[in-house]
Amino acid sequence: MASLPILLTERHADVESDGSEVSRAENRFSTFLEYLFREDRFFLVLSVFIGVLSGLAVVCFRFSIDWCRIYFFGSGAQPSTLRLILAPTIGGLVIAVLVIHVFPLARGSGVNQTRAALFIYDGYIPLRTGVGKFITSALAIGSGQSLGPEDPSLQIGATLASALGRRLRLSRDRMRLIAPVGAAAGLAAAFNAPISAVLFVIEEVIGRWTAGILGSVVLSAVSSVVVMRWFLGSEPLFRIPQVGAIRPLELIAYSVLGIVGGLASVVLASGIAVLRPRCKSLAPWTHYFQPAIAGLLIGGIAALRAPQVMGAGYEYMDEAIHGHFTWQFLAILALLKIVATLLSYVSGTPGGMFAPTLFIGAMLGAAVGGAEHALFPLIAWSPGTYALVGMGVLFAGFLRAPMTSVFMVMEVSGNYSIIVPVIVANTFAYVISRGIHETAIFDVLTRQDGLELPSMEEQREEGILRVEDAMKPPIGPILNAANLPSWSARLTNVKLPGVMLVRVEPSGWSSVTRKEIESLSDADRGGTHLRSVLANRQLPCLHPDQPLDMALRYVDRWPVVPVVNRADLSQLEGVVTQSSVLERYRDTDSAG
Amino acid sequence: MSVTPERHGSPFPLRRDAVTLALLTGLTVVSFVCVEGLSRIYFETQDSLAQRWSARGAAALQSRNYKAAVDGYRTALLYARGNDGYQLGLAQALLGEGRIDEANGYLRNLHDEQPENGLVNLELARIASSKGDPGTAIRFYHNAIYATWPANEETERENARLELIRLFLRNHAQAQAQSELIALAANMSGGERSRTQIAGLFLEAQDYAHALSEYRASLRSNPRDAIALAGAGRAAFELGHYSTARRYLADAAVLAPHDKDSAGRLRIADLVIAMDPFRQQIRVAERNRVVVKDFAAAGTRLTACLSSVPTPATAQLQTLEQSWSKLKRKVTETGLRRNPDLVDAAMELVFDIERQTAAGCGPPTDTDTALVLIAKMHEGI
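Those protein sequences? They're chains A and B, same order as listed.
Read left to right, the first sequence gives residues 1 to 592 (my numbering).
Read left to right, the second sequence gives residues 1001 to 1381 (my numbering).
One should not assume that every hint holds.
Here are some, though not all, of the chain B residues that point toward chain A, as calculated from beta-carbon distances under 7 Å [stated by the list, open to error]:
| # | residue |
| --- | --- |
| 1 | Thr1028 |
| 2 | Val1029 |
| 3 | Ser1031 |
| 4 | Glu1044 |
| 5 | Leu1049 |
| 6 | Lys1067 |
| 7 | Asp1071 |
| 8 | Leu1078 |
| 9 | Gly1082 |
| 10 | Glu1102 |
| 11 | Gly1105 |
| 12 | His1111 |
| 13 | Leu1203 |
To spell it out: a stretch of chain A is covered by chain B in this simulated footprint if at least three of its residues, at any positions, have a beta carbon under 8 Å from a beta carbon of chain B; those stretches are [unchecked claim]:
| # | segment |
| --- | --- |
| 14 | 54–67 |
| 15 | 386–398 |
No lab work stands behind these hints, which were simulated from the structure alone.
Just so we're clear, the structure is a prediction, and the values are computed from it rather than from any experiment.
Ideal Cβ positions, reconstructed from N, Cα and C, are used throughout, including at glycine.
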């Protein structure tokens, strides 16, 4: 890229010259364009555009949600009871008609659709799905359904990216990766947290770290956040009060929060896992009314003096963080939000799970902190800290994204002093949630939808076979290429294995067969012929910690592959052969 | 990854890509402009809603309709998240509604953001004071006194200091109250009404000299201020300046005939002046007559007391009664004229009797009160 001005200047000068000069300049320009438009570089440039466009889309999405809310509930903070009940009910009816007849793929949160695009549909997400997600989610959240805007934003970003990729006829590999790039952009803009968005997409959508995709994901996330901040300001999602130092003893209190949060995550996940298929299996005509009934019930909860459960609820999370509610009321809100979110989600209303998860976590966190303080006044009650840790806890327990949960809390709080309680509490929540509800919620949902996407959590937890697992001691003597004549003389009357390792100084390895040794003893006592054979037969080396898959690359071509120490390449740890590798895989399969 | 045939299959692939990139840039710019327009509409709506609801909140707060004020400010904050003015309004409305914990939450956040805000500190001080946490309240009051105020800075600071002084007085921290009062009086910017108020606080803080000085200053500009006259009278009375007190109290009694406290003090001041045998420029005959009268009054008090007090507590009183009976025959105008030394002995006994009986013989008469005050005055108590 640095050569661009030079190239352009040269090209400009060449216009004055004769035809051949111009032709040369055009060639240079073409070279530059080729350099720029090599797909890997073009993909990075495209990531920035995806980020900007996704950021713009998410900004519009936020405006739409707010306008819907004002339209449904009026501009007041405390709408009338009639509005509280009617708005989500009527909204639910409209959404049901739209989802059934116009945007059938707009159901759900959007995370799994993005994963399906990556793993099944070669990055293809119909533009109509994104448009549908935009409209129906804005209606749902604006009319008070207990859902959030983050997951839809993620899908909107992924849809935009997919549409751009198709228009630009990207290769299949790139197309597969473009949806996560857009997803990261959408999520980053929705959260105003680029690091968390990148981590979430890597941790939960793509499932692996590769340098090629990381750059694009980061670029798109950062661009979308820049755009979002341009329009909506750089204020973080929550205004965090000052967080004091946390005493080591208080970690016990945060551990309790982790346990309670883990259990709450299980309740929410189990509720979805059980109720969603049942609602889906009801008669088709009921699908027209399910979101409306969910809306009616949520409106009922709101009318019973808990309007906080409606919508994403960020303003109430902010209030909880700032200690505006009593801990008893916070506990009630957490409970009611679980019910409301279950109702909204299992009824097939489009909308995200991130915001409800954070809401439940914040309320539960502040409530647990308050209760602990009431029982043990020595424990300092900082509602902001507990609410933030609670958010991370639910994120780790329900969404099973432990790394993202830690970074998310730090990013939205801008405070690193709470990292220790966050890690402690999240670990408890994650372990408990995983112990009771083995399958992560996203995997449950994909399986309910009849898809078999790779489970990121299972992949993370999967034990990996290493070279050392198939490694065996070498059979027979280890020969030295430098001493071949003497060896061959000594081996004349010894029973030898079929293949033997030969050390080639200083740290190379080769192999020799019994037949070659025998022929050597008859024909070439000086070893001249064998030396030339060995020199052309350098064996590849493996290390004990390398994945066993790597050994598969060599064992069909080489009868024996030496495994050497990383610190001393001349030190032989053992050998692997095709049979030893396959035997190890067979053992694992039969054990599994 | 290298260039794939899928992308560069057309006869002019690079030119096509350049055009695509240009189109993409154009699309982005157009989208940006459109969203910019939308965002203007959005934020204008938000601003107008915030202003409309905050105006409702302010009006409701003014008319002490706290519920409506809470609703107004809460809604305004929906559209202008983090607006300090609205948060403060909401906190005040919540305080008005008695939702102290919620208000405290908002104020604490505001304090985190604006530790120098006078009103926030003042409200936090009031909350701490109402929760019975004088230490925290004092800290916030001090912050409020030295904080910045958006308007009427001096007046607001004086008011904050006045509240702090009242807190000290409620907690019987007279010395701290006095020092704050001295500082307040030194920097006083208000009119005579404020000066009278400060003088009253000096009285409450038992700093009678400063109280009298402040009342006098106030009376210089308004000599017919009944409150100032009564206050000055009381301050002079407490200082033992009974003549001065009498003068002020007499004027106060004329201007405020229903002021029973001042009338009572005036009566006692008159008695003190009349019954003090040691006052200056008193003739010998007059002095002897006063001593005889005081002696008789003390005897009456002692006799009444002996009949009302239970026997075990009367031993000391009986001793006094014996002494009084022994002197009674000698304490006459003639006896005192013959033996002037008896004056001191007689008055000594009178003071002893009044002191002893003041403790447990029921409410004293004005005469007895006057005698106790005379005792204090001449014994340097």
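We went through each hint and held it up to the structure:
1. Interface hint at threonine 1028 of chain B: satisfied, since its Cβ lies 5 Å from the closest Cβ of chain A, which is below the 7 Å cut-off.
2. Because the smallest distance between the Cβ of valine 1029 of chain B and any Cβ of chain A comes to about 10 Å, over 7 Å, the interface hint for this residue is violated.
3. Among the interface hints, the one on serine 1031 of chain B holds; its C-beta lies about 5 Å from the nearest C-beta in chain A, closer than the 7 Å criterion.
4. Hint status for glutamate 1044 of chain B: violated, given a least beta-carbon distance of 12 Å to chain A, over 7 Å.
5. Evaluation of the leucine 1049 of chain B hint against chain A yields a held restraint, the C-beta minimum of about 5 Å falling below 7 Å.
6. With its C-beta approaching chain A no nearer than about 10 Å, lysine 1067 of chain B sits outside the 7 Å limit, and its interface hint is violated.
7. With a least beta-carbon distance of about 6 Å to chain A, the hint placing aspartate 1071 of chain B at the interface is held under the 7 Å criterion.
8. Below 7 Å, beta-carbon pairs count as interface contacts, and leucine 1078 of chain B has one with chain A at about 5 Å; its hint therefore holds.
9. Interface hint status for glycine 1082 of chain B: upheld, as the beta-carbon distance to the closest one in chain A is roughly 6 Å, under 7 Å.
10. For glutamate 1102 of chain B, the suggested interface contact is upheld, since its CB lies about 5 Å from the closest CB of chain A, less than 7 Å.
11. Among the interface hints, the one on glycine 1105 of chain B holds; its C-beta lies about 4 Å from the nearest C-beta in chain A, closer than the 7 Å criterion.
12. The beta carbon of histidine 1111 of chain B comes no nearer than 10 Å to any beta carbon in chain A, farther than 7 Å, and the hint placing it at the interface is violated.
13. At a threshold of 7 Å, the smallest CB-CB gap from leucine 1203 of chain B to chain A is about 41 Å, leaving the interface hint violated.
14. Counting residues of the segment 54–67 of chain A whose C-beta sits closer than 8 Å to any C-beta of chain B gives 6, which meets the bar of three, so the coverage hint holds.
15. With 0 residues bearing a CB less than 8 Å from a CB of chain B, the segment 386–398 of chain A misses the requirement of three and the coverage assertion fails.
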